[in-house]
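With the hints as your guide, set chain R onto chain Y.
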Amino acid sequence: MTAGLDPLRLTAREARRLLVEGELAASELTKTYLDQIERVEDRVHAFILVTADNAAKYATEIDQEAGATRGALAGLPTAIKDNMVTEGVTTTCGSRILANYQPVYTATAVRRIWGDHIVMLGKSNLDEFAMGSSTENSAFGATHNPWDLGTVPGGSSGGSAAAVAAGEALWALGSDTGGSIRQPAALCGIVGMKPTYGLVSRYGLVAFASSLDQIGPLTRSVYDCAMLLRRIAGDDPCDSTSVALPAPIELPSAERLDGVHFGIPTEYLAAGIEPGVMARFEQTVSLIEELGGTCVEISLPHTEYALPAYYIIAPAEASANLARYDGVRYGYRSPHADDLTEMYEVTRAEGFGPEVKRRIMIGTYALSSGYYDAYYGQAQRVRTLVRRDFDTAFAQVDLIVSPTSPTVAFGMGTRTADPLAMYMSDICTLPVNLAGLPAISIPCGLAGHLPVGFQIIGPAYSENRILAAAHALEGAIGFDAVPTFRAAEAGS
Amino acid sequence: MSAWEPVIGLEVHVELDTATKMFCGCAVTKGEPPNTHTCPVCLAHPGALPVVNERAVEYAVRIALALGCEVRPRSVFHRKNYFYPDLPKAYQISQYDEPLAVGGSFTYWVGDERLVCRINRVHMEEDAAKLVHAGGEAGRIAGSDYSLVDFNRGGTPLIEIVSEPDIPSPEAAREFLQQLRNLVVGLGVSECNMEEGQIRWDANISVRPAGSDGLGTRTELKNMNSFRFLQQALESEVPRQIAVLEAGGTIDQETLHFDPDTGATTPLRSKEEAHDYRYFPEPDLVPLLADPDWVEQVRRELPELPAARVERFMTQYGLSRYDAAVIGGGVAMARFYEDLVAAGTEPKLAANWTMGEYAAHLNATGLEPGHGHVTAERLAALLRLVADGTVSGTAAKQAFALIVSERAEPGEVIERHDLGQVSDAAALRRVVAAVVADHPAQVEQFRGGKEQVAGFFVGQVMKATQGKANPRLVDELVRAALAEGRPA
Chain Y
1 MTAGLDPLRL
11 TAREARRLLV
21 EGELAASELT
31 KTYLDQIERV
41 EDRVHAFILV
51 TADNAAKYAT
61 EIDQEAGATR
71 GALAGLPTAI
81 KDNMVTEGVT
91 TTCGSRILAN
101 YQPVYTATAV
111 RRIWGDHIVM
121 LGKSNLDEFA
131 MGSSTENSAF
141 GATHNPWDLG
151 TVPGGSSGGS
161 AAAVAAGEAL
171 WALGSDTGGS
181 IRQPAALCGI
191 VGMKPTYGLV
201 SRYGLVAFAS
211 SLDQIGPLTR
221 SVYDCAMLLR
231 RIAGDDPCDS
241 TSVALPAPIE
251 LPSAERLDGV
261 HFGIPTEYLA
271 AGIEPGVMAR
281 FEQTVSLIEE
291 LGGTCVEISL
301 PHTEYALPAY
311 YIIAPAEASA
321 NLARYDGVRY
331 GYRSPHADDL
341 TEMYEVTRAE
351 GFGPEVKRRI
361 MIGTYALSSG
371 YYDAYYGQAQ
381 RVRTLVRRDF
391 DTAFAQVDLI
401 VSPTSPTVAF
411 GMGTRTADPL
421 AMYMSDICTL
431 PVNLAGLPAI
441 SIPCGLAGHL
451 PVGFQIIGPA
461 YSENRILAAA
471 HALEGAIGFD
481 AVPTFRAAEA
491 GS
Chain R
1 MSAWEPVIGL
11 EVHVELDTAT
21 KMFCGCAVTK
31 GEPPNTHTCP
41 VCLAHPGALP
51 VVNERAVEYA
61 VRIALALGCE
71 VRPRSVFHRK
81 NYFYPDLPKA
91 YQISQYDEPL
101 AVGGSFTYWV
111 GDERLVCRIN
121 RVHMEEDAAK
131 LVHAGGEAGR
141 IAGSDYSLVD
151 FNRGGTPLIE
161 IVSEPDIPSP
171 EAAREFLQQL
181 RNLVVGLGVS
191 ECNMEEGQIR
201 WDANISVRPA
211 GSDGLGTRTE
221 LKNMNSFRFL
231 QQALESEVPR
241 QIAVLEAGGT
251 IDQETLHFDP
261 DTGATTPLRS
271 KEEAHDYRYF
281 PEPDLVPLLA
291 DPDWVEQVRR
301 ELPELPAARV
311 ERFMTQYGLS
321 RYDAAVIGGG
331 VAMARFYEDL
341 VAAGTEPKLA
351 ANWTMGEYAA
361 HLNATGLEPG
371 HGHVTAERLA
381 ALLRLVADGT
391 VSGTAAKQAF
401 ALIVSERAEP
411 GEVIERHDLG
421 QVSDAAALRR
431 VVAAVVADHP
441 AQVEQFRGGK
451 EQVAGFFVGQ
461 VMKATQGKAN
471 PRLVDELVRA
481 ALAEGRPA
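In order, the protein sequence lines correspond to chains Y and R. Counting along the first sequence from 1, when you hit position 103 you're at 103 in the numbering used here, and nothing is skipped either side. Counting along the second sequence from 1, when you hit position 183 you're at 183 in the numbering used here, and nothing is skipped either side.
Excised from the complex, chain Y in its bound form (with noise of 0.2 Å):
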């Protein structure tokens, strides 16, 4: 291990000082990473492309810049998921249908902290096309959680969520639709958090359902956190659903809870939580009231209903979102048919995994004609509802606390075979999608060997009030366990 520095403890605040006092070069960070990627990569499978000559390269550059010429995250090591397009280097949306595709252009997110000169060391494992919850749909193998290597990371952000945790990056890039970072962050004991929807462009994110998705940051820590997203937040005249920041992202600080109000969801804590789960969320409660918070129970009445809804909304805008995926002008196309229809069918039937299919079809079944009212249209209605409810609850709390998942990391192969139990690992987090909200999850303990995940969801554009209660929650946490990367059992 270079310099003695333990990439499963580091933070990127931490390794920024370094860096800035000349007591760590750019070059030994990145070798530190690209190390531990060399000793856990084959076990955890976070990585679909690990760029190490680049990664390696880059960073002897800028150990060769002059200081003032560093950008304001110069040298910090990155994963980047591979559903945000990186100019020249193969972005393939954990889909064969991608497998060989080069961008010609690169995603704003990704350019904003490149123009930071990040060190970016590759392209993080997801669920194909992000339409997962547990990574195991991705058509270059799962990855797997480096606390249990016999159990998922959580997705579909799994592969950035499970680099971090295993010290295989510095921290990530995610992308959340449904909780498709809080959920694996939560999974792998880490950070990560979903911003107000608008927040971070969207141009250059490989499109599952664009009302829904979000680029996002997965850190080790609350302030790493609002380090990464303070970079990549921001309006884009190229992403038409962007907005300006109301006020710039503040680098956290705060240790108490005074006179903040919190609403617990009684609806959330009926969704069948796991009692390590529960406990570890009633702890976190009482720590609020030890830090000077105040905690109530709020109703968000149409919580049933949002898991339906998101099933309809989420897939039909896929069906269309993934309708340029036909061979004609880049990635896989089908050497097997003899016209074009044949093309589209054969190319599209070879190139789709099945959840990628599964949900085509339902988005397709879903914006037919004659359906189109009973199914889009009532589910757009409950949107409303669910956006509602938060607006109600907002008014008479701060913010909203939940477990992230019900459950801890779930065992590979567990849920691949029942779609519906999947979707349920979402019912915290998606109805936040629905009403396009910010939300961080944040370590909240163990239960069991397994990592739990702690919710705060704010109003949209409290950013700043979400990462401030985060960070003094998260010193009273004190959550300091690592990943053991415990072997698979036997048999499982």
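In case anyone wonders, no lab produced these hints; they're calculated from the structure. Errors might be hidden in some of the hints.
As the list claims (entries may be wrong) - Sample of chain R residues at the chain Y side, in silico, Cβ under 10 Å:
no.: 1; residue: Pro40
no.: 2; residue: Ala44
no.: 3; residue: His45
no.: 4; residue: Pro46
no.: 5; residue: Ala48
no.: 6; residue: Leu49
no.: 7; residue: Phe83
no.: 8; residue: Pro85
no.: 9; residue: Val149
no.: 10; residue: Tyr277
no.: 11; residue: Tyr279
no.: 12; residue: Pro281
no.: 13; residue: Pro283
no.: 14; residue: Val404
no.: 15; residue: Val422
Idealized CB from N, CA, C, for every residue including glycine.
Just chain R now, kept in the frame of chain Y:
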């Protein structure tokens, strides 16, 4: 035998002449090498997002306002889903149940008959890419070996104007389109170039018992861009439908192809017609909000519309409706005419020359009004020489042709080719005397009271002077000569 009347509706697509495409920064171009104006957005690369072209919205609002539509304060883009190689996203961003503008009308003329067609809506969308079918006959897809896609056109801003089925005849459909094209060109939003397909349309057609209010089953003629073929197609389709109905049959709702060679319509791809476009709101775009103040500003800045200009030409210049429509229908011709009048030409004379020699000259050369050597000032100079008697009308027409062919000034050609009018009374009197002497029989007729024979003598004098004699003076001299020796 019952009488039937046609009911025709049109959906007109107009490509806008904006600098850039509807949803990306690529240039809108003509005749550039294929696939040289593309980007991740218009090629539908993963992750690319559309951004609305503000100028295209302004142009669309101009069209909507010129058609008297209500511009809705909030409109929504939808995705229209279908697979085809010319549509890289496999959906077209269009507008559906919340279009840009609704509820206008378009006034047009068929001869002296004023017709009003209600406009259902005006909406915005993006054009598809261009397919080039290779290896078959005449670029048709049938029989071609393969097809190539040119994405330069893909994403060009497109406006769809949907009429109500208010158009009563094939001829009216043609007039509607020609006059609508004039309107759009005059608004400065599109050249509506026919060859390049900048304006094209679908027509739907049905027939019903004359005077009834119901609508029969309609057929559709898709993607046409020739006024003449449209009229021919409709003139073939109307009797076909009437014949089917009179034979007790029913009309199938289908899309037809018109073959200009046979002059007949034939059904097209009826199986593929069962499209379900699965429209839903485009989540990558926020609703389009049209600020009412801005809309009013666009309205104030609208140029004079053709219908108003035709009325003005009738009152201001005393032109007939027909002349005013021919000259005032298109903005370029109207401008040329008004320049001609402003340069001192008497309005009626200016109208005759604009519609006569000048229009023929444009037809022959393919020039647009106001372009080429014959400027309004040059033509006005020639017509001043007609008005002051320097040249006759007949000689002026010869002079016009010479001005064009020699790229010369009116005064020069008249002098060089000796086209000046002879107004020398003494010289003409000698010619008149000779003609009178040569035609004693006609002189007898005149003196017998048949006064119109005077015209014969004038003609003979003009012939003898190769048209250069001042006709008014000749007329005077002929009558004087014939009156001599007439019994009192």
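Hints, verified against the model:
1. Pro40: holds, 5 Å
2. Ala44: holds, 4 Å
3. His45: holds, 7 Å
4. Pro46: At 4 Å from the nearest chain Y Cβ, Pro46 of chain R passes the 10 Å test, so the hint holds.
5. Ala48: holds, 7 Å
6. Leu49: Given a least distance of 5 Å, the restraint on Leu49 of chain R holds.
7. Phe83: Cβ of Phe83 of chain R sits 6 Å from chain Y, so the hint holds.
8. Pro85: This hint holds: Pro85 of chain R lies near chain Y, its Cβ roughly 6 Å from the closest one there, short of 10 Å.
9. Val149: holds, 8 Å
10. Tyr277: holds, 8 Å
11. Tyr279: holds, 8 Å
12. Pro281: holds, 8 Å
13. Pro283: holds, 4 Å
14. Val404: At 51 Å from the nearest chain Y Cβ, Val404 of chain R fails the 10 Å test, so the hint is violated.
15. Val422: Where the cut-off is 10 Å and the nearest Cβ of chain Y is about 74 Å from Val422 of chain R, the hint is violated.
In summary, the structure is inconsistent with hints 14 and 15 from the numbered list given earlier, while agreeing with the others.
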